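Add chain Z to chain C, keeping to what the hints say.
There are 2 protein chains.
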Amino acid sequence: MSDRPAQSAAPRELGPTSFQDFVSTEPFPLELGGELPGLTLRYETYGTLLPDKSNAILVPHALSGDHHLAGRYQPDDPKAGWWDHFVGPGKAIDTDRFFVIGVNCIGGCRGSTGPLSIDPRTGQRFGGYFPEITLGDIVRGQRMVVRHLGITKLHAVVGGSMGGMQALLWSGDYPDEVGRIAVLAAGLSQSPMAIALNAASRACVETDPNFRGGHYVPGEGPDTGLAVGRMISHISYLSSAAFDQKFGRTRVPGAQPKDPVFWQVESYLQHQGQAFVKRFDANSWLRITRAVDRFDLTARAAAGRLFRKDGPEILAVGFSSDWLYPTSELRMVVAAATAVGGNAAYLEVVTDAGHDGFLLPDTGLSVRLHAFLG
Amino acid sequence: MSDRPAQSAAPRELGPTSFQDFVSTEPFPLELGGELPGLTLRYETYGTLLPDKSNAILVPHALSGDHHLAGRYQPDDPKAGWWDHFVGPGKAIDTDRFFVIGVNCIGGCRGSTGPLSIDPRTGQRFGGYFPEITLGDIVRGQRMVVRHLGITKLHAVVGGSMGGMQALLWSGDYPDEVGRIAVLAAGLSQSPMAIALNAASRACVETDPNFRGGHYVPGEGPDTGLAVGRMISHISYLSSAAFDQKFGRTRVPGAQPKDPVFWQVESYLQHQGQAFVKRFDANSWLRITRAVDRFDLTARAAAGRLFRKDGPEILAVGFSSDWLYPTSELRMVVAAATAVGGNAAYLEVVTDAGHDGFLLPDTGLSVRLHAFLG
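Here the protein sequences line up with chains C and Z, keeping their order. Sequential numbering from 1 applies to the first sequence in our numbering. Sequential numbering from 1 applies to the second sequence in our numbering.
The following block holds chain C by itself, in its conformation from the complex (with noise of 0.2 Å):
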């Protein structure tokens, strides 16, 4: 018997997670230009970080994501963290022995700067007025989190679809300050007709009358442009074969063919934007998907100034049916990396799940994570 636990232990529940928040009065200057006068970034950890501060992992969040990966605040929560699935004891990210990070986004609504924050040199809500961001800032602010928390190397950064995105920046920014990079259903750019989905999404928000320019107030907001965006956005993330799967042709019980809501997949949606609406902010969203759209790393890459022979290696891990990052794009990483002589691998994991994939439990992608993190 020893007291180390052991690596094929079961996946257990973490217990109660709280989050707490990194304050900078500094400013902080944007890619973009401009500056936000003070930085709040709400993160959390799982696990032990050991005195040596080698074992931690950070794992940036997707689009609609937040700091809060993985278990409960409570016990009666009704949903755990948006990663429990491969977050924690036993699991393929495992608390057990490592120290896990997760950081709320510059520009997000969660806790961290961002268009619902109050602007200390006005008084008031930065709102509209929150400048443009980019994901290197997102990546900057988490650096800043890191070094607060005493870590100069972190043993990985794991993230998908933007999380992914942020992966691929660590690597090429930061190529000294991370071991290894997972990235899961993303690519070395956003795509044009990703963007296309993305502009889709925003015309619906900024065309709500009660978006006012991005100048409204909270809770009076653009509440149902935001909910129909979603709606587009959410298709984007499923497949044919999971709509197929999950709705079929399937009518709402009892409706009739002159009812505005028909279709089960009809109603999902709805309900799906409804429920957004509540715990997202317009403003974010547009600044956030903004954000991905402006990620690409192809030039750098194509000129060798991304990838090295000695830097992070690195995991891509592509979703058979995911057609928003088709598994091109992850093949595509690993070319760019093994072309400068970098290690890297690509695991497809087939599922008709769609991008959502990689929110979804999965044995063999758990195994080979668990696996690429050591």
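Since the hints were made in silico from the structure, they are not lab data. Bear in mind that the values here come from a model prediction, so they are computed numbers and not experimental data. Check each hint, because a few of them may be wrong.
[Unchecked claim] Each computed DSSO-like pair below joins lysine-lysine, with the alpha-carbon atoms no more than 30 Å apart:
hint	chain 1	residue 1	chain 2	residue 2
1	C	Lys-278	Z	Lys-79
2	Z	Lys-278	C	Lys-258
3	Z	Lys-79	Z	Lys-258
4	C	Lys-278	C	Lys-258
[What the hints assert, rightly or not] Derived DEER-like restraints, expressed as beta-carbon distance ranges:
hint	chain 1	residue 1	chain 2	residue 2	range
5	Z	Ala-335	C	Leu-50	58 to 64 Å
6	Z	Glu-35	C	Gln-74	43 to 49 Å
7	C	Pro-253	Z	Glu-13	52 to 58 Å
8	Z	Gln-272	C	Asp-296	22 to 28 Å
9	C	Gln-272	Z	Gly-123	47 to 53 Å
10	Z	Gln-272	C	Gly-34	28 to 34 Å
11	Z	Thr-250	C	Gly-34	20 to 26 Å
12	Z	Pro-120	C	Pro-260	45 to 51 Å
13	Z	Asp-244	C	Gly-123	42 to 48 Å
Every residue gets a Cβ at the ideal spot worked out from N, C-alpha and C, and that includes glycine.
Relative to the frame of chain C, chain Z by itself:
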């Protein structure tokens, strides 16, 4: 030398075209219940009907199309009819040999009875009171025009997308009245994901404050919602490769990061949406998209009651990058027809154009369609 036009003659432009109205004052019963108090169907024909009336080809239109298939009303019309690439003298559907018919569908807004029409019972526009319709209703209306022209058997029905669904209905409902059907970029049913995309598009219209439950005054309707809804649909008509080729990640010249329209693709989609509003009615959009969503012949095909051994010959044409009606759906049409001994063939057009591929010139398709029509 022969007076008969050579089949190998180079394609030529049609002379000036014009439309006509078929008018019935008889009540027109609807599949989902209720009736229209009468029916006007705007149609257009090209070429000459043989004395034995054996050379007629009907071309039902897609969602936003109309009866104006080809040619120009005036020589300086900026655009020819929507299928001018395929319909005309010497073209795939050769108006030197065939009498070609286009009919604006019931529920449309280009001259046929639809929400913009006056309800003779009230003297007011139908508007939001226009009943729910089906593609079966639309086909039954077309058949009245065909009969009115003295035609008892069509040489062929050829249609893409919603037009292809109508071709399938002609084959199933009136197998003795059509010699062959060509089904392009459609399937045996509207898929759940295609419903989802239409649902999001409709939600844009229905949540526009100017929609007023459909009871808007023409010209003061939900233009903004319809434009954004059309953006969504337009995305589904293209492919990721088409977005790459047409727009890439090009920015609007001079656009600043904070500008709401920053990407060329964003600008293009907004332009397309706004242009659509000028030519389409929101209530028509809702009625027709819902008719398409209801389309489902799968159970009938599986039960052997859609196709038959001596039924119309079938050509199913899939477009390799069409993700709205994937090629598997066209192959399924052929499989279902051949399963009962029917005469059916599949043609795949390799293209990056996505669903819109059926609207674009393609030599291979032209040759094959020309041969299929005999």
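Each hint, compared with the structure:
1. With a CA separation close to 46 Å, the supplied pair Lys-278 (chain C) and Lys-79 (chain Z) exceeds the 30 Å bound.
2. With a C-alpha separation of about 26 Å, the suggested pairing of Lys-278 (chain Z) with Lys-258 (chain C) holds against the 30 Å cut-off.
3. Our distance criterion of 30 Å between C-alpha atoms is broken by Lys-79 (chain Z) and Lys-258 (chain Z), whose separation comes to about 36 Å.
4. For the given pair, Lys-278 (chain C) sits about 29 Å from Lys-258 (chain C) by alpha-carbon distance, which is consistent with the 30 Å threshold.
5. At about 60 Å, the CB distance of Ala-335 (chain Z) to Leu-50 (chain C) agrees with the hint of 58 to 64 Å.
6. The hint said 43 to 49 Å for the Cβ distance between Glu-35 (chain Z) and Gln-74 (chain C), and at roughly 58 Å that hint is violated.
7. A hinted range of 52 to 58 Å for the beta carbons of Pro-253 (chain C) and Glu-13 (chain Z) is consistent with their spacing of about 54 Å.
8. A C-beta distance of roughly 24 Å is found between Gln-272 (chain Z) and Asp-296 (chain C), which places it inside the suggested range of 22 to 28 Å.
9. For the pair Gln-272 (chain C) and Gly-123 (chain Z), the supplied restraint of 47 to 53 Å is violated, since their beta-carbon distance comes to about 43 Å.
10. Checked against the hint of 28 to 34 Å, the C-beta distance between Gln-272 (chain Z) and Gly-34 (chain C) comes to roughly 33 Å, which is consistent with it.
11. For Thr-250 (chain Z) and Gly-34 (chain C), the Cβ-Cβ distance of about 25 Å falls inside the hinted range of 20 to 26 Å, so the restraint holds.
12. Hint check: Pro-120 (chain Z) to Pro-260 (chain C), Cβ distance near 27 Å, so the stated range 45 to 51 Å is violated.
13. For Asp-244 (chain Z) and Gly-123 (chain C), the Cβ-Cβ distance of about 46 Å falls inside the hinted range of 42 to 48 Å, so the restraint holds.
Violated hints, in rising order: 1, 3, 6, 9, 12; the structure is consistent with all others.
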